[in-house]
Amino acid sequence: MTDLLRVRGLSVSLEERRIVDDVDLDIDAGETVGLVGESGSGKSLLARAVAGLLPPSLTTTGSVTMSGTELVDASERLLRTVRGRRVGLLMQDPFTMLNPLKTVGAHITESLPRGLRRRRGEIEKRLAEVGISDPRVASRYPFQLSGGMRQRVAIAAVLAGDPELLIADEPTTALDATIQAEIMQLLRSVQKARGMAVLLITHDLRVAFAICDKVQVMYAGRVLETGLSEDVARNPRHPYTAGLIGALPVLERRISQLVAIPGSVPRAADVTHKCAFADRCPQRRPDCVETRPPLRIVADLHATACLYDVAPAETAPPGDAVEHAQETPALGKPLLTVAELRKDYGQVRALDAVTLTVQPGERVGLIGESGSGKTTLARCVLGLASPDGGRIMLDGLDITYPHRLSASGKRQMRSLVQCVFQDPSTSLNPSMTVGAALAEAAGRVQRAERRSVDELLDLVGLPKKYALLRPNRLSGGEKQRVAIARALAVNPALLICDEPTASLDVSVQAHILELLRTISANAGTALLFVTHDLAVVRQITDRVVVLLHGKVVETGATAAILDEPTHSYTRRLVASVPPAPVTFREERANA
Amino acid sequence: MAQNELLPRGATADQSDAFTGSVAAAGRKRTPRARRPALTIAAMIVLGIMLIAAAVGHWIAPYDPALQNVGLGPTGPSAAHWLGTDDLGRDVLSRLLEGAHTALIAPVLIAVGTTVLGTTLGLLAGYRQGWLDTMLMRLTDLMFALPGLLVLIVVVGVAGGGYAISVITLIILGAPSDIRMVRSVTMSQRELAYVDAARTLGIPARRIMFRHVLPNLAPTVVANLLLSFVFALVALAGLSFLGIGLPAGTPDWGLMIQENRGILDINPWAAIAPALLITITACAATLLGDSIYERLDAGKGFSE
Amino acid sequence: MVVVKLVARRLIAAVLLLLVLSLLTYALLALSPGGPERALLGDRPATPETIAAIRAQFLLDEPFPVRYWHWLSQALTGDFGTSITVRQPVISMLSERVNVTVTLALLAAVVTLAVGIPAGLAAGIRRGGRLDRSITLVSLVFLSFPPFAIALVLLYGFAIQLRWFPVYGTGDLSHYVLPAIALALGPAAVLTRHTRAAALQVGEQDYITFARARGLSRFGIWESYLLRNSALPVLTIAGLIIAGYLTGAVFVEQAFSLPGLGSLLVQSVTQKDIPVVQALVLLSGVVVIVANLLVDVAYVIVNPQIRQGRA
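In order, the protein sequences belong to chains A, B and C.
Just so you know, we're using this note's numbering here: the first sequence kicks off at 48 and counts up by one.
Just so you know, we're using this note's numbering here: the second sequence kicks off at -1 and counts up by one.
Just so you know, we're using this note's numbering here: the third sequence kicks off at 436 and counts up by one.
It is possible that some hints are incorrect.
As the list claims (entries may be wrong) - Here are the computed distance ranges between Cβ atoms for each label pair:
#, chain 1, residue 1, chain 2, residue 2, range
1, C, Leu548, A, Ser104, 28 to 34 Å
2, B, Ala53, A, Ser104, 43 to 49 Å
3, C, Gly606, B, Ile39, 44 to 50 Å
4, C, Thr671, B, Trp57, 45 to 51 Å
5, B, Pro213, C, Thr671, 28 to 34 Å
6, A, Ser104, B, Ile39, 22 to 28 Å
7, C, Arg663, B, Glu189, 25 to 31 Å
8, B, Pro245, C, Pro601, 31 to 37 Å
9, B, Glu189, A, Gln330, 41 to 47 Å
10, C, Thr671, A, Ser303, 56 to 62 Å
11, B, Trp57, C, Leu451, 52 to 58 Å
12, B, Ile39, A, Arg497, 45 to 51 Å
13, C, Ile736, A, Gly456, 50 to 56 Å
Unchecked claim - Here are the simulated SDA-like cross-link-like pairs (lysine to any residue), alpha carbons at most 20 Å apart as the crow flies:
#, chain 1, residue 1, chain 2, residue 2
14, A, Lys149, C, Ile643
15, A, Lys149, C, Ala666
16, A, Lys149, C, Val438
17, A, Lys149, A, Ser193
18, A, Lys149, C, Ala733
19, A, Lys149, C, Val735
20, A, Lys149, A, Gly208
21, A, Lys457, B, Arg205
22, A, Lys149, C, Asp641
23, A, Lys149, C, Leu670
If you are wondering where the hints come from, they were derived from the structure by calculation, not from laboratory data.
This structure is a prediction, so every number in the text was calculated from the model and none was measured.
All residues carry an ideal CB built from backbone N, CA and C; glycine is no exception.
Can you build the whole structure from these sequences, using the hints too?
Here is the structure:
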């Protein structure tokens, strides 16, 4: 065997509960393997297990060997010789990965092999390798660096030990899209230059397909499919992989219907003896739940844990939807007018003379990365932040300073604009039942127009019995649906969506996006969709406004801007999105 | 680059957050939680017994706590006097039972007073911010610069003792830490989207504070209540141990320690028993407060 | 520079705090029953002549700010007046007794540090283990164990039963052992819990995992990560612990009949010897405020985040 890393039958349990269930994984020297999965798939634990860094409370069985050295149950002394020198682990969050009390140089020095620590110019060399040409960075502290720089420093620190295998656990998730692309690029070039093997852990299929030689799809603690990236992307052989690909919003065009995978990810321990995906599978048969389907080889290097071939979709693959191509908003009185809006936080100008309009029923995307001011703009429109200049008009009502409005003005404003917030885990009050939260919101409108809790739940596709539950019993997607129902309770003319799907898994995201699309179409609700995700914007908006450092740099019809961006920043944004996989089926359909 | 930090960070730390959370949770040993109930229940039982003693101690005491038997003098434990007698031949057990009332009722009053005051002001300061917040914070700064018990000793001592002044002083002394704690929890709750959602719906501030935010502060408030109780219990006992606040001869736990520490060699129980009762009660309340805190820390109310 | 500016700001705040404190201390006079004359007369007969003398001596006929300023300017030079009961300058009473209290506090500080930090680290590193559980429980007990009760138990056990130490009074260092332990255990419990929490918090950080993943030695992680990074949060409670000694000393000195500042406070409070009480309150306020100031400054110096100018 030429395998560098060989994982056989690896299981990880907390007490008696399985979290990772009987996983195999092989990585050859110089190879890049992607481990793809949604939250709860066990992919990060697998990475930790390979690095010998699992918390002691977890029990591990099976075998993990690095060029023949067994790591499971190995002594700390042996593991220490492996960690850093043979296996490096790059973690997710550059904001927490570096010691706040140590300089950049100290981080690199301490991870260098003993012999190199005193060599002059070594730190500069290591920094240059990760694209930091300014040697003064070595004396900086992490908090003085941006997220992207921190991640570069962390990469330099991991590479200081010259590992044969680099495990990168969601290394760009905490970063902005343009920076994400840079870091991925860097990892790739370093991997090539060093001939190092890379195990990339990611939730993003697009990234995995674009970068990795092989991918391994994990779900509920086990492997469902493994194969060469190209094969898996073109011809997924597990319904879950196929579903995930189908649920991916794409940048290149608008899909008429995003197909979500129903339900949510089960716990690994609950599905040990059956197909983990059976409960959500569109083509489930009785024997799927009788035993656990083993990985079977379907083609060269391609294996699936499904007993059957993936059925062709019952309907034709979703076609492209018609996109409104209007350059300027339709004439008529705008619903929302933001004029020359300014907002400062101390020295920093968060919004700098921002002007935009939203027509009734229109769906406008507000695109920007962190620090662009997009959330600040949303908060100003919602009356949650107070601008320092400019004007906000909503349906003829001046809401720039909502506290100056009369009582009836305030009431009017509240029934005009509502919001769906980013993080579903905090957007519902944990001490209030779903029903109480919805009833309170519904109580804000006149009795005649008031909708019942049942109606509201029905609107977002949740069963009535959810009214009695507290938020902690709901999954992320369900919480977000309740949040949408709450916002709709007052039947607003404008719904602001502040990254409503950013914290959700892809399969759930599709559902929420589809729901918002339907609601907007049926009730004529205008949407102001705040996001950093261009693919999502393509699916849901007619027009986009691109923000950079608090200024509008580009605005126009969504299709036009995403297909032919004119501003250099927008171009970079568009270029940073990895291409969507084109499946075999689609190829055929398009042919 | 500084901008990145100062502005609300966008939607970047997304999907995998949930996951790192669960790695951390998986890494957390479960054992301390399994242990909690036994100790917590023990603490509740101790507090329960103490409160019952405070309520009915007067009636179940075997002797009149003030009944002197100078001829008998101090004696060790015997069949007639389970915990012996003090210098004046008074029954120690009866005095302890009688003293439970004064020892516990005032701290309960103080704990309730402190918590109500501290929670209300902390909630207002944390939610409203502005001048009220600034003023309260300067005030608590000032109070933190003074060792509370010293202030108590001086104020009660110079004012010549008295039940009311002790209670009021202790409420005022205890409030700042409650204000701080409730304020900081309120401020972190205020950042959460559910408060923004309520504000967007136009729900009045008072309702948001007391109906939305307050229930989520419950663990902090209950823990504060117990800590204030401990503080008051120990402070009042300490005060009477120093001979400040109560007339000599009152059957009070702190005073009993003070009066009987001279006969440690004859009947150690006369002084040690009240000392232990104070400690056990304080321990039980601290333990209970602690376990409530721990649950708050583990559960946080959000995410699973 | 940033550090100087920050320190200057803290210093100004401390001075303001001291001024307010002195004002409150001075106002103590008014609080005493019978008003300031009665308080200042002590047990002398209250004839019109003596009262007039007192009013003249303490400028009681002047407006409050004038009186306060007079008192404060004298206090600043160390003149707190004379004791009402002992007829001795307050400052000399303090200097006679300060040694006892300082010795006691220093010994207690040694015990606190020697017990609190190792225990806290041991518990924090073996989170959830048997050692952690025992340490957590014991620290919880001592957290609620009032110093006078500890004193009593120690007295009974070690002085009366075992006769290892003298029972009461001053003399050589052996007289201070039990009082210092009685004084130290409460703060030691506080320190243990804070150290444990800090170690736990640091131990859970990604940067520790990242350091381990790079193959750093256990000792290296201990020394340059855990200890240094948990020192910062622990430092912040130094002021709290010093305040704990001040109040604890009152009870412990009383329990062991040590003639220190604490027992002087009890004595002067019971006898309503206001000038002495004022001096002691002001003194303890100064100690706490200065201690907090030093902690703040140390924090600024240790933390690069503040040092490098991102307050």
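Here is what the structure says about each hint:
1. C:Leu548 / A:Ser104: 28 to 34 Å: holds, 32 Å
2. B:Ala53 / A:Ser104: 43 to 49 Å: 45 Å Cβ-Cβ, so the 43 to 49 Å window holds.
3. C:Gly606 / B:Ile39: 44 to 50 Å: Cβ of Gly606 of chain C to Cβ of Ile39 of chain B: about 48 Å, so the range 44 to 50 Å holds.
4. C:Thr671 / B:Trp57: 45 to 51 Å: holds, 49 Å
5. B:Pro213 / C:Thr671: 28 to 34 Å: About 30 Å separates the Cβ atoms of Pro213 of chain B and Thr671 of chain C, which means 28 to 34 Å holds.
6. A:Ser104 / B:Ile39: 22 to 28 Å: holds, 25 Å
7. C:Arg663 / B:Glu189: 25 to 31 Å: holds, 30 Å
8. B:Pro245 / C:Pro601: 31 to 37 Å: Between Pro245 of chain B and Pro601 of chain C, where Cβ atoms are some 32 Å apart, the hint holds.
9. B:Glu189 / A:Gln330: 41 to 47 Å: Roughly 45 Å apart at Cβ, these two residues keep to the hinted range, so it holds.
10. C:Thr671 / A:Ser303: 56 to 62 Å: holds, 59 Å
11. B:Trp57 / C:Leu451: 52 to 58 Å: Since the Cβ atoms of Trp57 of chain B and Leu451 of chain C sit about 55 Å apart, the hinted range of 52 to 58 Å holds.
12. B:Ile39 / A:Arg497: 45 to 51 Å: 47 Å Cβ-Cβ, so the 45 to 51 Å window holds.
13. C:Ile736 / A:Gly456: 50 to 56 Å: Holds - the Cβ-Cβ distance for Ile736 of chain C and Gly456 of chain A, about 53 Å, lies within 50 to 56 Å.
14. A:Lys149 / C:Ile643: holds, 12 Å
15. A:Lys149 / C:Ala666: holds, 14 Å
16. A:Lys149 / C:Val438: holds, 19 Å
17. A:Lys149 / A:Ser193: With a Cα-Cα distance of about 16 Å, the restraint between Lys149 of chain A and Ser193 of chain A holds, given a limit of 20 Å.
18. A:Lys149 / C:Ala733: Given pair Lys149 of chain A, Ala733 of chain C holds - Cα atoms ~18 Å apart, limit 20 Å.
19. A:Lys149 / C:Val735: With a Cα-Cα distance of about 16 Å, the restraint between Lys149 of chain A and Val735 of chain C holds, given a limit of 20 Å.
20. A:Lys149 / A:Gly208: Since the Cα atoms of Lys149 of chain A and Gly208 of chain A sit roughly 18 Å apart, the hinted pair holds (cutoff 20 Å).
21. A:Lys457 / B:Arg205: Cα-Cα ~16 Å, so holds.
22. A:Lys149 / C:Asp641: holds, 14 Å
23. A:Lys149 / C:Leu670: holds, 19 Å
In this structure, none of the earlier numbered hints is contradicted; all agree with it.
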